[in-house]
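Protein chains: 2
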Amino acid sequence: MAAPTGTFPLLLQWRGCILSRLVMAKRRVGAIRFSSAEAAAVSLGEPQAPGGMAPTKDSENDSRKKTFSEILAEREVQAQRTVLINCPPNFNAKSFLKYLSQHGNIKNHFFYKSKAMYAVIEFSEKESITSLQDVITIPEFKDEHPIPFKSRILTLMLKKQPDPVSEQTPIVCHRQTSIPVEMLVKKLCDAESVSEQLYLLTNECQLTEENTKLRFLACSLIQDIASAYFSDCVVKPFGSSVNTFGKLGCDLDMFLELNKVGKNSVKRKTSPFNIIYQMKKAPSERIAAQRILNVLGEFLDNFGPGCEGVQKILNARCPLVRFSHQPSGLQCDLTVNNRIALKSSELLYVYGSLDPRVRTLAFSIRYWAWNHGLTSSIPGAWITNFSLTMMVLFFLQRRQPPIVPTLDQLKKLADAEDKEVIEGFDCTFVSNLNKITPTSNTETLDVLLGDFFEFYGNFAFNKNSLNIRKGKEQNKPEACALHIQNPFEENLNISKNVNAAQLQRFVSLARDSAWILQQVEKRPSDNSKPWGLAALLQASEPGRVSKGFKRLNVLNSDRVKDLLNSLKM
Amino acid sequence: MAAPTGTFPLLLQWRGCILSRLVMAKRRVGAIRFSSAEAAAVSLGEPQAPGGMAPTKDSENDSRKKTFSEILAEREVQAQRTVLINCPPNFNAKSFLKYLSQHGNIKNHFFYKSKAMYAVIEFSEKESITSLQDVITIPEFKDEHPIPFKSRILTLMLKKQPDPVSEQTPIVCHRQTSIPVEMLVKKLCDAESVSEQLYLLTNECQLTEENTKLRFLACSLIQDIASAYFSDCVVKPFGSSVNTFGKLGCDLDMFLELNKVGKNSVKRKTSPFNIIYQMKKAPSERIAAQRILNVLGEFLDNFGPGCEGVQKILNARCPLVRFSHQPSGLQCDLTVNNRIALKSSELLYVYGSLDPRVRTLAFSIRYWAWNHGLTSSIPGAWITNFSLTMMVLFFLQRRQPPIVPTLDQLKKLADAEDKEVIEGFDCTFVSNLNKITPTSNTETLDVLLGDFFEFYGNFAFNKNSLNIRKGKEQNKPEACALHIQNPFEENLNISKNVNAAQLQRFVSLARDSAWILQQVEKRPSDNSKPWGLAALLQASEPGRVSKGFKRLNVLNSDRVKDLLNSLKM
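Protein chains in written order, with full-length UniProt numbering: chain H, 1 to 569; chain R, 1 to 569.
Treat the hints with care, as some may be off.
The list treats identical chains as one, so a pair stands whether inside a single copy or across any two.
Result set (SDA-like, lysine to any residue): computed pairs, CA atoms no more than 20 Å apart in a straight line [stated by the list, open to error]:
hint, residue 1, residue 2
1, Lys150, Asp224
2, Lys98, Ile276
3, Lys281, His145
4, Lys150, Ser227
5, Lys463, Ala481
6, Lys435, Gly249
7, Lys142, Tyr277
8, Lys150, Pro283
9, Lys463, Asn497
10, Lys281, Glu70
11, Lys150, Asp232
12, Lys160, Pro272
13, Lys150, Cys233
14, Lys159, Ile275
Hints were generated in silico from the structure; no laboratory data involved.
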């Protein structure tokens, strides 16, 4: 049996949340099920554990939630045992999997479609890949010349005509992108409450187990390239792919970690000699990063299988290489030694895992902002998803009683192993989720969503800064439209890029949304028009403007202007 | 004991030549010895076998000379077991070698100076390098940031003050460059005959065992870089470094062989599937080569330890990356899949190994041409060393009886294993040197040198082409100054680049040299002035022009003009 993706009650259970608070939600969404076709899949492997980056539990001790580092490490090892195979149309999946099993037990597998159909095959042992590679050949083309870089992205070829379609087991393809907004709006209208709508939205649009695997696999494939030169380096995903707030189809941020390379612990103190590697030097870490990314970018562009549209953005504050990884269908940003960013991802992961309302509210706000064009993957004056999530966390810290602790409180819970200073900044906070006491606040998401819009619709952005370390607003230390203190690099403002116009759009949209929500808080008995969250999302769609939603669309045209200006720059 | 480099009679023996013909030469040069200091060396390793690329003999069967491929394969394996270590001044070599021996037996080692002092350490087992790498660290600098690429180029650091110089065993450094012409001229004047002068020149200026090792090591280091991506690829030296005609300090031509990559022989015919690697494609082999060299060039430039002045010359007929490999002091040209060039090197190797006169005459003519600026490492209208060597071989084929066989004769001797067709061209010739019957011609080099100059001083270059495949001149198939048929790609002219002015310079210099040689054929009893070969080399030195040599210098100024024109282009 393949993964029972999409069954909502199970998802909640997997999240390791406090069950008592969810009894109602579970009862309500029991009716929402996906077609049985989606749940069935050809499988010779073992059942897959669903839940993306959710804190899975230890089998030995069911109450222990795994730490972020433990989950990352497990995922990395999984990815290293995995190959990606481009499959032809009308192939027999059962005999294909049997054929692959010659090289070792297949622990896990799934199929998906990007530009073509792909199979993700996870073996139980890494050695199976070596065995498989012994029979893989380099393609020969008539008029083209392959560049013989051997990766774990393979292509399956049929030696004879495929079996008639009728004789084949149907192949279930796991969806790797969000459902269209219209379809989502329809689904949301069938929910019973705003709270249920938020859970449904999250469940529909969050990263799936399969998509998470694919993201780690993509990093592992890039790591193969980088580690050819920088042995022992690691390519790690960060940001939305791992912080539990990522939406299906979001960009894959990854960074190359070189710091651990060559730190030999073996020292022979008795000898009169030291031997060191002769290495080229760069005048700064930034220039070293630029040079490394420049060469890796060239490699990806020229030889990296499936890496297309490679752009080297080396003069950015954080130099990066952007490319499209066609087989996985992911848009990737590769940086170097970006450990603070990973620490920020862990912080969001910790917050997101504390209480199901945190992740659901933040996910919904991010979706709402994206839906209204408040966020963008193009750099510019837009609010980032990270800033939005900080705003949600700050809002939840301000509830009475608070739903999430302050960063200072999380730091107090840290033990010796959690101590971490990166580039001079103290990034220490507790990694063990079990040490954090659950909140006694029982407010519903219906209340929280409306209050969030009201809170920021009335927030004194002109004079106050948000500080999640203290859980308090503070006087703005410098002139800027929006000030949210960087949780680790405390002298920095994470939303320095946001200009007054963008902040104004956010505030206006928040006010409008609060107003709309009050008008259509309940499901109309006749299902005559979108209500609750559906109404908020519906509002941004052109051609469907009802009277009350006019302003949202005026603002959207402002956004188009900004976008054009940004592109011109 | 270290290598007894420089003892001439031994060299001849190593060359596996026919001893009877050399009795006279050996007797004559018995007097020429190098300083004992040069022969002594600190050594914990085994004695080194001298002779560069000369055909070494099998210990089992003393009469069997090794083939070119066998020697290349041995050298490659040697190089892979070798590390290059930058040594500080005033270190204790004996305790350094003892320290390294912790990681395994040192089979061979030597020291040399390029920009700094280096030790070449060849372990008996490749695993010793892995063991050594466990204790090597990445350097830490105050204001600089190392790019952590780990190669086999290392730096030795002393933990404490070095021992006083007086207590140290002196370190012998092996010379890696030719001696200056003035010094050579002086040495030549002490010889007994022109023939002896030619042997002396060859012995003084040819590649040494150590320099040959260094060249294979440099290729092996570049292979480490390339094979990181193109697993199973090989970087092979070709041209002067391996054809036995190379002079100390000549450029190192190397090529990346990708063709064997991924040619899996294991086929499972019973399965209905084939799996192939997904790879980027280039529209032609040339474009693939350009892309590969472009990325490797970027890598060498940014990360390659000791690789400086990297130039990508990708639009050349044969795209290449040129760089200076500082630790070895070698100027390198890296190309891709240049197998015909390697075959040409093997052909010269076979010819050079047949009879000591072949290599000695060709080496001397190449030196003479270089000394007069007839050849250059800058591309242009100059005659190449390959063309010059072909001219010598052709001349030797035309003697009565011939001193070397024609290429067609070498092809007839080939067995099934020698059959080789590269890019559609038949490159088959015998690889087993023992199958070639020695010549019965006993002419001395005194005669051959003079006759060579006369032969080409009077050759009808205007209508005839040189064809070493047939050993005959033929009508020129196309208009060009100099026509020498490519031995394998028979429709090509290897000296197409040579213009009329350069050919005229060669002819005039040949005539002048023939004339000078007749005037000063014998050593003057009073050692009053340079004679024989020394007079020919002396003639090109400015400020020392005697009456008879005037024209040579006039021509030299022509060469300067050509050089300037070439640089302008």
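Against the structure, the hints:
1. Lys150 - Asp224: Result: close both inside a copy and across copies, 10 Å intra and 16 Å inter.
2. Lys98 - Ile276: Only across copies: Lys98 and Ile276 sit 18 Å apart there, 49 Å inside one copy, limit 20 Å.
3. Lys281 - His145: between (36 Å within a copy, 5 Å between copies)
4. Lys150 - Ser227: Both: 14 Å inside a chain and 11 Å across chains, each within 20 Å.
5. Lys463 - Ala481: within (9 Å within a copy, 85 Å between copies)
6. Lys435 - Gly249: Classified as neither: same-chain Cα gap 33 Å, cross-chain 69 Å, threshold 20 Å.
7. Lys142 - Tyr277: between (44 Å within a copy, 16 Å between copies)
8. Lys150 - Pro283: Between copies only: 19 Å across chains, 34 Å inside a chain, cut-off 20 Å.
9. Lys463 - Asn497: within (17 Å within a copy, 77 Å between copies)
10. Lys281 - Glu70: Result: close neither inside a copy nor across copies, 34 Å intra and 39 Å inter.
11. Lys150 - Asp232: both (19 Å within a copy, 11 Å between copies)
12. Lys160 - Pro272: Between copies only: 7 Å across, 67 Å inside.
13. Lys150 - Cys233: both (19 Å within a copy, 12 Å between copies)
14. Lys159 - Ile275: between (54 Å within a copy, 10 Å between copies)
When each numbered hint is compared with the structure, violations occur for hints 6 and 10.
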